[in-house]
Each structure stands twice: as C-alpha cells, then as structure tokens.
Amino acid sequence: MEKAVLSKERTCLHCLQLVPENENSDFCCMGCKFIYNTINNLGLDEFYKYRDEQNFKVNAPTNQSFIYLDDPLIKEKHLKRISAKTSEVIFLLEGIHCLGCVWLLERLPKILAGVLNARLNFATAELAVTFDHEIVSLSKIAKTLDSLGYIPHLSNSLDLAQLNEIEKKEDRALLFRLGVAGFCAANTMMLAVSVIQGIFTGIEEQYQNYFAWISFALSLPAVTYSAFPFYKAAWKSLFYKQLHIDLPLSLAIIAAFVLSSYNTFVGNSYIYYDSATALIFLLLVGRIIQSRALRYAKNLSGKSWNLLPTKVNLFRDTSIEEVPVEAVKPGDKVIVYAGERVPVDGVILIGESNLDNSILTGESLPIEIKKGGIVYAGALNISSKLEIESLNFGTENRVNKMLKELVGAIDNKGKYTQFINSLSSYFVFFILSCTLITFLYWMNISYEQAFNNALSLLIVSCPCALGISTPVAMSMAISQATKKGIFFKSRDALEQIRHIDHLFFDKTGTLSEGILKVQNQFYKETFNPLFTSYIKQLLSSSLNHPVSSAIFNYLNLIYPNISKSTDCQNIKTLHGKGIIANTTKGDNILFGSIKWLKETGVIFSKEVENEINNFLRLGYSVAAFSLNSDIKTIYAMIDTPRKESAGLIEQLNKTIPNIWILSGDRQEIVNEFSAKLSIKRENCIGNLYPEQKAKIISQTNGLKAMVGDGVNDAPAMKAADLSIALKGKLEANIEIADIVIAGGSLKELENAFIGANRAFSIIKQNLIISTTYNIFGISCAMLGIVNPLLAAILMPISSLTVITTSIFRKTF
Amino acid sequence: MEIVFILLPFSIALALVGLIAYLWAIKDGQFEDLDTPAMRIIVEDDNKKK
Chain A
1 MEKAVLSKER TCLHCLQLVP ENENSDFCCM GCKFIYNTIN NLGLDEFYKY RDEQNFKVNA
61 PTNQSFIYLD DPLIKEKHLK RISAKTSEVI FLLEGIHCLG CVWLLERLPK ILAGVLNARL
121 NFATAELAVT FDHEIVSLSK IAKTLDSLGY IPHLSNSLDL AQLNEIEKKE DRALLFRLGV
181 AGFCAANTMM LAVSVIQGIF TGIEEQYQNY FAWISFALSL PAVTYSAFPF YKAAWKSLFY
241 KQLHIDLPLS LAIIAAFVLS SYNTFVGNSY IYYDSATALI FLLLVGRIIQ SRALRYAKNL
301 SGKSWNLLPT KVNLFRDTSI EEVPVEAVKP GDKVIVYAGE RVPVDGVILI GESNLDNSIL
361 TGESLPIEIK KGGIVYAGAL NISSKLEIES LNFGTENRVN KMLKELVGAI DNKGKYTQFI
421 NSLSSYFVFF ILSCTLITFL YWMNISYEQA FNNALSLLIV SCPCALGIST PVAMSMAISQ
481 ATKKGIFFKS RDALEQIRHI DHLFFDKTGT LSEGILKVQN QFYKETFNPL FTSYIKQLLS
541 SSLNHPVSSA IFNYLNLIYP NISKSTDCQN IKTLHGKGII ANTTKGDNIL FGSIKWLKET
601 GVIFSKEVEN EINNFLRLGY SVAAFSLNSD IKTIYAMIDT PRKESAGLIE QLNKTIPNIW
661 ILSGDRQEIV NEFSAKLSIK RENCIGNLYP EQKAKIISQT NGLKAMVGDG VNDAPAMKAA
721 DLSIALKGKL EANIEIADIV IAGGSLKELE NAFIGANRAF SIIKQNLIIS TTYNIFGISC
781 AMLGIVNPLL AAILMPISSL TVITTSIFRK TF
Chain B
1 MEIVFILLPF SIALALVGLI AYLWAIKDGQ FEDLDTPAMR IIVEDDNKKK
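One line per chain: the protein sequences are A and B, in this order.
Just so you know, we're using this note's numbering here: the first sequence kicks off at 1 and counts up by one.
Just so you know, we're using this note's numbering here: the second sequence kicks off at 1 and counts up by one.
It should be emphasised that the hints constitute simulated quantities derived from the structure, not laboratory data.
Treat the hints with care, since some could be wrong.
The calculated lysine-lysine pairs, modelled on PhoX-like cross-linking and capped at a C-alpha distance of 20 Å, are [as the list claims (entries may be wrong)]:
| hint | chain 1 | residue 1 | chain 2 | residue 2 |
| --- | --- | --- | --- | --- |
| 1 | A | Lys595 | A | Lys606 |
| 2 | A | Lys764 | B | Lys27 |
| 3 | A | Lys536 | A | Lys577 |
| 4 | A | Lys298 | A | Lys483 |
| 5 | A | Lys311 | A | Lys140 |
| 6 | A | Lys140 | A | Lys77 |
| 7 | A | Lys585 | A | Lys572 |
| 8 | A | Lys577 | B | Lys27 |
| 9 | B | Lys27 | A | Lys80 |
Derived Cβ-Cβ restraints for the label pairs, each shown as a range [as the list claims (entries may be wrong)]:
| hint | chain 1 | residue 1 | chain 2 | residue 2 | range |
| --- | --- | --- | --- | --- | --- |
| 10 | B | Ala15 | A | Gly114 | 21 to 29 Å |
| 11 | A | Ile793 | B | Val17 | 15 to 23 Å |
| 12 | B | Lys27 | A | Lys695 | 28 to 36 Å |
| 13 | B | Ile41 | A | Ile374 | 54 to 62 Å |
| 14 | B | Ala15 | A | Asn701 | 31 to 39 Å |
| 15 | A | Phe776 | B | Val17 | 48 to 56 Å |
| 16 | A | Val258 | B | Ile41 | 29 to 37 Å |
| 17 | A | Asn209 | B | Leu14 | 51 to 59 Å |
Now the stretches of chain A that chain B is said to cover, found in silico as 3 or more residues with beta-carbon under 8 Å [claimed, not checked]:
| hint | segment |
| --- | --- |
| 18 | 95–109 |
| 19 | 532–538 |
| 20 | 783–792 |
Note that CB positions come from ideal geometry on N, CA and C, so glycine has one too.
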C-alpha cells in the first residue's frame, strides 16, 4: 500500500499558523520564535497544554524600553499604594485570548523577582500586578509582559477610569441590596406558610401574632433599604412628569407593606409580607442581570488606549528623553518622528511634513504643514521628523477635551424608554382607576373592606412583566448581541434603534472603504511601459502617503510584469506637492498634484485639461506624471463605497424615513456617493467641519441617529440622540457611542436593527401573557375575594413565566 | 410548641450569619469577575496533578 505523500506544510510551534514554505524554521515569524524561547527558558512550557488551539493570534513583542513608565508622575497617577514597599498597578493588555494566557500571566511572580501577585480579569483584559517597588520597576514589568506577547498599556484616560470605579460601586450596592432582599424574602416566605395555612385550618392567636410581627420586622430592611432604588426612580419620574415603570412597582410594594402592617396591628391575619419581599427580590435580580449584561457589552466593545500616544520624545537641553505624556508642560520641545502620532497639541518649530488628520477631521488626504503651523495630538506624522513646542500640559489636548465632554453627556441623558414608558403610563392609569372604583364601591359596605380590597388590587395587579421580564428580555437580547459583535451600551439604545427618524452617516471609513483606489487613468499618447517603471520607482520611496500607495498598488495590480526602474536619480519628495527626479538619460520627471505641476511650468494641453476637469467634477482626486515638462499620464483616485453599503441603504430606506451623509470631503465626492447609494441629493452634504455636522444634526426634528467611526464624528455623535460606532482602525468612538459594531461591518448594522425588533416582539408577547393574569387578579380583587394565598401564587407565576420565556428566546 | 418563640429568632440569627458572609464577600470584590475564576480552577487542578 502506498503511503500518502505528506504535505510540506508545517505549523508554527507557538501560534499554530502555517509556516511559509521557504522558511526553514519551526516558527511563522521572529515574534513567535522569541516568545517560545522566553517561555521555555522560564520553564513554563506547560502553557502549551492550556492554550486555545483556535483563534490564536499573536502580538509580536514591540521591544520598547518602557522607560517612560518609571517617571514619578506615572507613580502618582496610576499606582495604588498598598504598603510602604508595595504598590498595585493595573495594565490593560493586548493579546489576551485563552486559558493559557490566564495561566501564564498569573505566574508572573515566578517569572519576575519583585512581583508579588498578578491577577487577570479575562473579560476586561486587565492585569492587576502587586509588586515591591524597591526590587522591580514598572518598566521592567512592562518589558516582561511585552516579551511574552502581551503589549501592556496604562489606562490612558483617567476620567473613564473614574467612571468605571463609580459603576463598580453601584454594582456592589446592588448586590448588597439583593442579598438583604433575598434574606428577608426567604424568611418571610417561610413564616407566611404558617400564617396562610392558619387562615384555612386555624392557628392560635399568639403564634399568628408572633409570626406576623417577626415578618414585619424582617420586611423592614427589604422595603426600606433594598427597594430604595425603585422609590428613587419613581420619585424622579414624577418630577419629570413621566410615568416610569418603577412607579406602579413602588406603589405595589408600599401597598403590600402598609396593608400588612395595618392588619398586623389590628390582629387581622391577612398579611402580604412575603409577596412584597419576593417582589423586591425578583426586581433586583432583573436589575442585576441587566446591569451586568450592559457592563459586559461595554467591556468587550473595546478600549481606546491606542488612540493617543502615551510616551513622548522630550527634547531636554541637549538630549532626547522618553517621558510619559503627563510630564509635558507648555513650552516643552517635543520630537515627533515620521510614522509616529503627535502626542500633544503644539506649534511647529522645525521641520516640514505631511499630517494625516483623519482622527480630527475625517479627511482622507494628508495636509502639509511647516514651521509655525499648529498640530493636534493624535495626528499621524507621515513624512518627516518634526520638532514642536507644546501648547498645553500633557494630557490636555483637543481630542481629550472632546471625549471628556461626551463622556459626561452619556450618563445624563435621562431619557426613559419610550415604548415601555407609554405602556406603563396607560397601565398605571388603568390600575389607579380600578383601585379608586373598588374603594368607592366597597366604602358603602365598610371602610375596612374598602381599604383591604383596594390595596389588594394594587398588589395582585403588579406589573411584573413590565418590571422584571422586560429588563431580563432586553438583557438577554443585549448579551446575545454582544456575542455577535454588536454592543448595546444601554437599554434605551435597544429601543431607540427601532424608532429612528433621521439616520446620519459619516462617509469616510463608514460608508466608504477609507482608502483611496485608482479608478481611472488617462494616457496622452500610447501606453509606454518605461514611464510606468519610472513611476513605480518614484512612488516606492514614499509609500507612507495614501496617494502614493494607492497608485503604487494599482500599478502592481494592472502591470505586475513591469518592474521598478533603477534609472531615476536625485529623487526628492516635496511635501504636499510631489516627487521630482531625473533619469540617467537626462530626462526631468515629476509626479504629483496638478496644482504643483502647473506651478513648475509643465504644459497642460486642452485635451489634458478637459480630462482633468472631468475627473474632478466626478469627485476624483487627481495626480499626474510628466516627462520633460510634458504631461504623459493622469491617475484619478477615489475612496469607493463599501460593497455592502448599497445593500444596507436599500434595506434601511424601507424603514427609515430620512437618510443623510455628512462628510468633511468635497461636495463632488459626496455627490458621487449620493448617486451610487440612492440617497437623496439634498441630504448629502460635504465640506463640513465636525462642529458643522453637529449643527445640522441638532437642527433636525425627530429621533436622530449618527453612524461614524472616528473622533472627528464626536461632536456630531453628541448632537444625535443615538450614536452608533463602527469599530474600525480608530477606537475613540468606542467610549462615547451608544452602540458599537465590532469589525466595522455594515452587515452587522443591519442585524442590529433586525435583532432589536425581534427582542421587542418577545416583550410584547410577554405583556400579553401577564395581562391575562392581571385581568384575572384584578377581577378577584374587585369582587373582594383576594387573600394572601392568591396574591402569593399569582405574582410569582406571572413573573416567572414571563422571565423564563425571555431567557430562552433567541433574538440576535 | 412554645419552643418556637426561641427557635425562630435563633434560626434567623443563623441565617444572618450567612448573609453577613455574603456581604463580606461582596465588599472583598469577589463578585466583580465571575469568568476568570472558572478558568483558574481548571488550570490549577492540572498543576496539582503533576
């Protein structure tokens, strides 16, 4: 029997990706090899037993020195003092993906002397490290983490860290209340069994009174402490003249307690303490499920650490030092190398370069800057080294300011869910009227009966479906959505997405690919491969620039067999203009913007001018190549719409009345998108600054939603009622947006709409189910036949049936 | 049956001990991260076996 020929494919020992065929090693890259050796040298190869075989993407170590972490300012802001010698620091790590990571990282004390404890929170990718700062430094810890493949970051924005702390405290308080409520509910229910049975078969008065009084005492903590959040929300809603769901819930709880206390005082055996405390307990369970689902979504939606640089090259006296960004003062001189992001807002002292400001303006084309020009933190320095003078203290910059304003805004939105809101208003009105009718009718017979029956009505008509199953249903929907990569950060978001009147899209990166692609070219004479080879050589020296890389990629695609020339010499790149060179044959060649070529005196024939104007009118950006002052080739580039955009807009047009595009790019480019995606011309507006976009949005009436992907959309997102971030290259909007779509996929945006609708149809079904119970219960109360047993049965049944249906239905 | 007058407070006191333990655990931050401890258990068990 012939043995099958084994394929020559090998998988990397560390990350299990395929090793390229020509490589004669066991690893796919130097990064993996390095990490593998580190792990083995530390005797920790057990790691390979635990690591997840799938989805193992590795971050190559960056091999930075992390020296800036030893600066005393970092100590002040990021370290928590535990004792005289020890402190705790929390790193946000990149590259956390599996069990093996937990194992490896928590072994840090064995790897690095001086580290006392390391605890990983898998969901948030936070590693809490306790260390002795006399033995080991922060930079050494960071270097070690880096060498293992987990690039460490310190929380970049301390305001957000504070918000996190507040959330944690609230979560704890909620758990406290839950525990107390559970304790009270369990014990009162135990006592209630005796008392209720006593109503039917008789019980000695002394015992009945004893049980009743103890139940009273047990209910006090639950009704006062545990239920407090509901009273607070109900009171606040009255203030805003809205009927929030917590209002009837609070009334039911208070009614049950008051009626039971009255009955206990007069010696009557109709007590409802168990219903009241059980209700409080179930409500809190619903709240906790909800808050956890939301926190989970928030954590997984991403962290924005790689937005602004944390380390700065500070020019002190005669040398350059690496310091943390917090150490920079106004007037400090900072060096920004080509390829780095500008760390602080500043003015240029020395140097000329191109900046990519897309983080702030959304512009896909770089702008040139020189001495005296102002640069903002976050801009990408494309071509050459700059020395800038800082205008502010380190972390005070335009981007952080925008984020700060927005973070403050989200939690104060104070808008209640509309649908639930209106429904509960009707419900409350209905209940209160029935109660009044009951009271007035029974008053003819006796005050006591009237009081009893009216309050019993409030107890059994409790809107459990609204109060418990709705939050649970929404939380389930949110959790399921989270697994699909759609992160809803609030319940309101889930509801609002169904009622959008105006949907505003950012263009660059959202509806478009975000990169330039060559769409057309024009040759003055017949095609000459020599020119193409010259162009390839020129462009290969400036591939940082989006125009260069767009055309270079295009030429490699269309003419792969024409190799780069080697005849061009004295290649010089002029920022914002183009590339100039001469060939060994003595020709003068230029490649660049039309404006610059005209300035250098290149001749543009009528035919060429026409072509260029045509291209510009269609929204293209144009670059040209000239040989000896004669234009030979023109390239037209545009940022094209994503493939999924057309389909998405078509679907959305069916349900959303108004769709808009707001962009910082030229109007002609935006018009092209309007045509290609069938969006109304007057709703597609270009040449807008971020603040102008915000103005347009705030001037429209109705529920406004904004979809974007960068910090430049931040003011617009604030102006909108609902903000949706497509997670792409930049992660600023993650913190601000109400909904985050991971992977930046437009298809998932469509699914977000579909899923939200499904979630609400489930909620409606639940409401129908519980309304049936309620009608039965209310009728009994009006007829005067409600007793504690009936209340104790009806409430849990109606609550639990709707809860279980909420948990087991699939929405996303 | 008079014993129930003492028994009841006593059993509630016992239950209270449980509640206090729960409240202490919350304060200690044990309920913040519910995913990672599950992973840790698997790993440490294997370690001990070796």
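Legend entry - Hints breached by this structure: The structure conflicts with hints 2, 8, 10, 11, 12, 14, 15, 16, 17, 19 and 20, although it agrees with all the remaining ones.
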